[in-house]
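Position chains B and C relative to chain A; hints supplied.
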Amino acid sequence: MALKEYNNVQVGVEYYPEHWDESLWEADIKLMQATGVKVVRVAEFAWSRLEPTDGDFQFAWLDRAMDLFHSYGLQVVIGTPTATPPRWLTTGYPDVLPVFADGGIFHPGVRGHRCYNSPSLRKYGSRIIERLAQHYSGHPAVIGWQTDNEFSMLNCHCEHCNDAFREWAKAKYGTLEALNSEWGTNVWSGEYSAWNEFTVPLGGSRHQNPSLLLDFQRFQWDAIVEFQQTQIDILRSVCPEHFITHNFHSYPQKLNMYAVGAELDVAAFDYYPNTSPTKQATAPYSGALSLDLTRGIKRQNFWIMEQLSGTPGCWMPMWRTPYPGFIRAYAWQTIARGADTVVHFRWRSAVAGAEQFWHGLIDHSNVPGRRFAEFTQFCNEVNALGDKLKGTTLKNEVAILNSHEQLVALDIQPQVENMEYYENMKQIHRALTKLGIGCDVIDWRQELDEYKVVIAPSLYLLDEEVSKQLEAYATAGGTLIITNRSGVKNMNNIAVMQPLPGLLSYAAGVRVDEYDPIGTEAHVIVDINGNSYECLQWCDLLTPTTAEPIAWYGDDFYAGIPAVTVNTFGQGQVYYLGTQAEESYWSALLGDLAKKHQLFQFAGLPDGMQASVRTGESGTFLFLLNLNRQAQTVTLPREYKSVLYGQPRSGELQLEPYGIEILEM
Amino acid sequence: MALKEYNNVQVGVEYYPEHWDESLWEADIKLMQATGVKVVRVAEFAWSRLEPTDGDFQFAWLDRAMDLFHSYGLQVVIGTPTATPPRWLTTGYPDVLPVFADGGIFHPGVRGHRCYNSPSLRKYGSRIIERLAQHYSGHPAVIGWQTDNEFSMLNCHCEHCNDAFREWAKAKYGTLEALNSEWGTNVWSGEYSAWNEFTVPLGGSRHQNPSLLLDFQRFQWDAIVEFQQTQIDILRSVCPEHFITHNFHSYPQKLNMYAVGAELDVAAFDYYPNTSPTKQATAPYSGALSLDLTRGIKRQNFWIMEQLSGTPGCWMPMWRTPYPGFIRAYAWQTIARGADTVVHFRWRSAVAGAEQFWHGLIDHSNVPGRRFAEFTQFCNEVNALGDKLKGTTLKNEVAILNSHEQLVALDIQPQVENMEYYENMKQIHRALTKLGIGCDVIDWRQELDEYKVVIAPSLYLLDEEVSKQLEAYATAGGTLIITNRSGVKNMNNIAVMQPLPGLLSYAAGVRVDEYDPIGTEAHVIVDINGNSYECLQWCDLLTPTTAEPIAWYGDDFYAGIPAVTVNTFGQGQVYYLGTQAEESYWSALLGDLAKKHQLFQFAGLPDGMQASVRTGESGTFLFLLNLNRQAQTVTLPREYKSVLYGQPRSGELQLEPYGIEILEM
Amino acid sequence: MALKEYNNVQVGVEYYPEHWDESLWEADIKLMQATGVKVVRVAEFAWSRLEPTDGDFQFAWLDRAMDLFHSYGLQVVIGTPTATPPRWLTTGYPDVLPVFADGGIFHPGVRGHRCYNSPSLRKYGSRIIERLAQHYSGHPAVIGWQTDNEFSMLNCHCEHCNDAFREWAKAKYGTLEALNSEWGTNVWSGEYSAWNEFTVPLGGSRHQNPSLLLDFQRFQWDAIVEFQQTQIDILRSVCPEHFITHNFHSYPQKLNMYAVGAELDVAAFDYYPNTSPTKQATAPYSGALSLDLTRGIKRQNFWIMEQLSGTPGCWMPMWRTPYPGFIRAYAWQTIARGADTVVHFRWRSAVAGAEQFWHGLIDHSNVPGRRFAEFTQFCNEVNALGDKLKGTTLKNEVAILNSHEQLVALDIQPQVENMEYYENMKQIHRALTKLGIGCDVIDWRQELDEYKVVIAPSLYLLDEEVSKQLEAYATAGGTLIITNRSGVKNMNNIAVMQPLPGLLSYAAGVRVDEYDPIGTEAHVIVDINGNSYECLQWCDLLTPTTAEPIAWYGDDFYAGIPAVTVNTFGQGQVYYLGTQAEESYWSALLGDLAKKHQLFQFAGLPDGMQASVRTGESGTFLFLLNLNRQAQTVTLPREYKSVLYGQPRSGELQLEPYGIEILEM
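Sequence order for the protein chains is A, B and C. Read in order, the letters of the first sequence are residues 1 to 665 in full-length UniProt numbering. Read in order, the letters of the second sequence are residues 1 to 665 in full-length UniProt numbering. Read in order, the letters of the third sequence are residues 1 to 665 in full-length UniProt numbering.
Be careful, since some hints might not be right.
Chain copies aren't distinguished; within one or between two, either way the pair holds.
Below 25 Å or equal to it, Euclidean Cα-Cα: the simulated SDA-like pairs (lysine to any residue) are [unchecked claim]:
1. K170 with V351
2. K390 with H597
3. K254 with Q229
4. K388 with T615
5. K30 with S365
6. K279 with V524
7. K596 with E397
8. K172 with V351
9. K434 with G112
10. K434 with L653
11. K254 with M316
12. K434 with G659
13. K170 with D54
Calculated from the structure, these hints are not laboratory results.
Pulled out of the complex, with its shape left as it was, chain A reads as follows (with noise of 0.2 Å):
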């Protein structure tokens, strides 16, 4: 049986009916018809609306607000509610609550108060979701499910976990004679002699086993695919004709988000851009990473499950409103980075509960606005293109690896002040998107033949498996770039008995004499044109045995000592950064390669804009963004078609604040 369309490009809304007096709900369903929206995500925090005491099964409301999406031609998503179990569960089955390190409990009262292992989650979970997909699967207005709400990270700490946990370290490591050699537990006298001596780790130390934290978060990485995976198995099995999704929201997430989205048809995010003008230099390539990332998880283009809709605020002080064009322009932004359905969140301010500020469509004045107007012409505008650009996709020359294990082990034991993964991704990609260089962000064990270029920030854990891929990669032809950090450490965080970067040496054909952790205390590096760049967090003082090196430091004991290095390996080459220089510095690297590789670069973007090419059967498509509070103005190298305007664009090219342009190549 054929899954229902999820590829269509098209705009939603949220909308809770559960919210709101159900005289409002037809004329709130007819504008949305009138504005242009097509689908409409709902229920996924309506357990207790669904159920209201335990096994009374509710769906009439729901029915009658399904039927109404129906006649008015909207499609729906509905989201499994497990992230809000209803206070009847919480108080008959406190098993449902996870606990902290520390012993606390996670009350209810808010929301994700749910322990993934727990028994009475996972079977009244499974009875509502069951319930919900049989009643729905027919009903002609419904085309897919979300499963729950944001998954993320609770560590839970309960009995539940600590019995799991155990179980599942029996099934890695056999015995505990092999669990305790592979974690080094005998520093400072941590062995096992039992296992009811092991538990899941407690009171929060940072000083516990590194293997120990390594595992614990697998364990709960697991603990989330395998409660995801009990209301996937009952969705495929009851609703066959609908997809399935997740909402990931704000990276980094510790999350394992690759093995989440294994088993989905497709991935979503939740996107909120910071509307700050103080943020206006950053926000709009931090975005542009997490769109990047989110298209990554399944290598396929992805939903927005919620963008922003107004200033977001609650128990947190609200943000700026987003300023004229911000809403339209960051909504686009997403499609241009491959969104298909991008679903705002949400349609009208909520007038109760904790998410009263953040902001809707509409206010809670219920009187259509400035930002309703342009979500409108969002709409339109998404509806006359949506033909064309559906199926078309992203095809990127240059990778990027990401790796959730490698993210958290450097949170286990921070290298140094100032060092963080995710920054120096995103100072990458920032590079990388003010060149106009598109990339893909992609798990760190994916293959990777197709891109001419791939950068691997801090390999810091490491196996065969990975290091022969690179060797391959490299000796195919590839440009392969690692930086510091790398090789340190095998799978289960012990460091390895052989001089830096461990499993890449050879192909990096250089070895770290002595490595220097900066911080935040500047230094320098000189590249072979004599131009100076300053390098942060970490210094590699490096010997090449096979590489050329190309920066050198400039001062300290180690000035003239190489920095960075470039390996012939195969058909490739593979450089490596032994520093963590400043963004200037990887542009001029990345635009060398650019040139030589003939990588497609849309070059010459000012501050702000951004660049991405979607192309397919219908055509290619180039989107201008302009995510930027000034006009800017950008050359184009020839004539093009402007398909959102109908009109050609060559030459100097104006685009208003937060202005875009989509143009056929």
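Same frame as chain A, now just chains B and C:
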């Protein structure tokens, strides 16, 4: 039976007989008398001495002290000792101890370790008070009682609070259905299906339902009032001639001061103005607001129950020692703003316990020094003027409306970085004080007829009772000033579904089309005279319906849009300030209103100098206070007589650092 | 029976055989021998390997290591393993685990998870030590023992501590009446009416009775001493030829180091000087104080049990790598200040566990590098000079009095912002060190006869034993310098009822009339030569009774009032510093005293250079250390012979960055 007098203008001290060897008592009390002290407060922390073990009452020691006070002509106020339950009580009846949101216990060994809802506290607290009242009802020295000491919010989460909160909610809402509906608990599936699911908000998360959080606060406010009432009932019945007071401390408190004050004869305040020269520009004004707030609790004169006598310190680092004149000038400030009796804390610094460095008038050495000499001067001055000042009060033409409910609601959901309800009130009050315009600060539900100008910052929660009253006030000719974040919610903390300022829209003649929470990112407004002012926190974009704009935004996408409006409403006018302009804007606006409405104003005050007027049958007295380390000069508009120095004063009047003057008008 | 020698001047390393595959052992130990290492510390964290399950003792592996050490001529110090109770112990006997003030448990998985009062820890700790002692008492490699590892205050709040503290208090005070009286518990009704009400201070509030808090700290100090004594008793009895030490770490520790040290043969210190150039101006001096403090524990030479070998890091971000010369220079600094054996931590960086990035002499790669080469040089130098230096000690004419009781009491009640007992001591010590004046830092109750100048910062707690001793010292011709916040309290933390400096008033010849806690608000003093100095923290306003003023305040209302005085007292003089003047004032004052009393001084030291002298039967040796990244030049007053380089030195002597010189005098 008539109450003993509590409106003498006089000076008192704290004295703890139980802290000192009895051989010191008579010399101390003799010196009090010689210095001019008239009143002593005792016993508010003496429970363990008055009842060393369960039911073993030991009043003989206090009798001896009381008799000594009486023999030297000193009157006594007794504090009920419930703020410090003794160890036999907390050990034997641990329900006395408050429980924090995370389940931790407020352990004994300090003070304030008592849950207001504890059955044991109420039982044993009432018993000791009954005994004390019976014992001292006829003692000739005793004139009144202080309930407990410095009530403050504990937000206890114990089982008894849980049960009591459930009953409180039942009484307010009747049914769970009603409560679910009024609180909007269906958001995030927070609905209660049975009363046993209903608890105080556990865990301390800011993500809890804001309607629950607000009502929980109201419940805790009521618990204090109810707890105090158990004490008042005893005292009124056993000691009908004694007045009753309570000492509030350090604003803003999240207390319902007005309900606590309602059953008191007189309110009292514990006043510790900041001694540091770095706070000199603000402390005199924060202090003035504190005193005006205290006067507003019962809209009558008040007591100072603890007045700064030296540097505070102990668990916290010590402050600067009071500059010469500081102690006297700030004591006079309290009288200038409506204090009658001023009790200094404390006679001599404690040699033991946690308050050792909360300095008294006399140091540990027991050698009276500079500060004591200054106190002596103050006693002499007050004793010389007491008869003249007795019965005089402040008559102000301007009122600021204060609301503990707004304070708490805006704390539950901070609207924007940098916006603090109380800080905004301080800014307005400071502008008035610098202009030499006296004002009352009163509960927002009080009658307003007597005022020419009423300023109501952020009436965020609102009901028709208040909105109608404000409309009536303006209709009848009053000038009302309201600000942004008004009319946002109903009293259950639910957002209203109408354009802002909601229920005040009609009176203000203005509609908020949208808003920009600017926080710390400064913007500009331009007034009708072309003057520019910085504004912060918030920008409402206004469309006047019947109002006239009087200031406009000067930047961002809303440059030119009205920021401040005035609406003629009946005989009066309603100003709406859509943004938080800097103090000089308030000064300009209020200065204009002062001229327009011929408000009494002592204009031309230099930095740190304050003016206020007490008036009554004995005359009208202008207090001029230089709360400043620099001498300051002010120009007197005509000749006055100094009742302090017995000389005529006119023209340029110079006040020494911390100098004061009292002029008969 | 004579103890094995512990006063050789020699070099050692930490080695953890249990961390490494046995195949690595012999190569490692062979390299130690070749490098010149003489001593190894082992086993202090090896409990789980020595006793994998309850009663199953496994010493064979350690025997094999011991035999190897012996066969390569290395001597061994064994650490008792009680700092890391194994999991079978913590699981089976959870009383081993400390309890925090809030009731939380110090969970296993890290180290130091042991309550010193735990019956199970004492029982099982004694058992393993007894077995170890019996097993190794006759092993030819073993020369001594380290008790536990880095004792530090846990302030455990478990049931056993509660009971023990109650017994401790009974023993000290006899009756509750006496305790109530001595602690002044009647303040805030804190009196105990029965012993069952008496507990350790729960909840962690700073508002607890300060007398209780101080005695609780004393109780915990005693618990460590008592716990250690159980170990010493076994070791003395079973291994009468072995010396006993303990490794203190990072000052200020709130330990009673003097009582812990009393039963040891020799004290040891773990020394990790800060490697960052941003700390270069202070780290050499903080380090010097740490070493002088350690030498003062027993007033004799000491060991370094852990000496920096590379950057530390792990749960915390890594520091900078040591600059070339840093490791050697700081190792020589320890010998220059009285270390005999210097054990480097650690041989090779751990590949597993929480200390992976606490770098050893050799990196994970097992390739000896720059740091190892520097260590080798140090070994060679020490081995060449060891015989000459053996038996030499420091003879200083100046002493600073240190008191853990002042440290703790001033932490319980911080007097004023910016005042830290230990920071003030650092300032004084730094001034002396920069002047080239050596000083001892000793417990405040030690005999002082040998010193010409004694400096006692803030003798806040005081009794007649000390005040009489200080009077006697001055009477006999000594120069005593005391500072503000002296004589404030008795030893039970109760303020004295006499003018300050209390018991020292007579000797100081001065009376504190009042004081101004100025904190960070800088003031000025002017000395007798008209020079102005900034002062901070505190200003005592002084009236000399018999003293002479030598500096006066230059501002505020006390301009012109004495700030510093000197009193001729018997044959000696007593200086009183009423304020905390900047370092240059101390330099001027101490420089004058050096001239006046002809103190030995190596004057003219440039930034970062330090001088000290070891003397003994084999000669007198002047150590000059440049603890600086810049070369520095010093002028030698005459010709000396370099025992390090075998050359004569005179006139200008330049030391390279981190260069050192040792001159025979």
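Here's how the hints hold up against the structure:
1. K170 with V351: between (50 Å within a copy, 23 Å between copies)
2. K390 with H597: Neither way: K390 and H597 sit 30 Å apart in one copy and 68 Å across, limit 25 Å.
3. K254 with Q229: Close inside one copy (19 Å), not across copies (48 Å); limit 25 Å.
4. K388 with T615: within (10 Å within a copy, 82 Å between copies)
5. K30 with S365: Intra 18 Å, inter 69 Å, cutoff 25 Å: intra-copy only.
6. K279 with V524: between (27 Å within a copy, 20 Å between copies)
7. K596 with E397: Close inside one copy (13 Å), not across copies (72 Å); limit 25 Å.
8. K172 with V351: between (49 Å within a copy, 21 Å between copies)
9. K434 with G112: neither (37 Å within a copy, 51 Å between copies)
10. K434 with L653: within (17 Å within a copy, 55 Å between copies)
11. K254 with M316: both (22 Å within a copy, 20 Å between copies)
12. K434 with G659: within (17 Å within a copy, 48 Å between copies)
13. K170 with D54: Result: close only across copies, 23 Å inter versus 36 Å intra.
Checked against the numbered hints given earlier, the structure breaks hints 2, 9 and satisfies all the rest.
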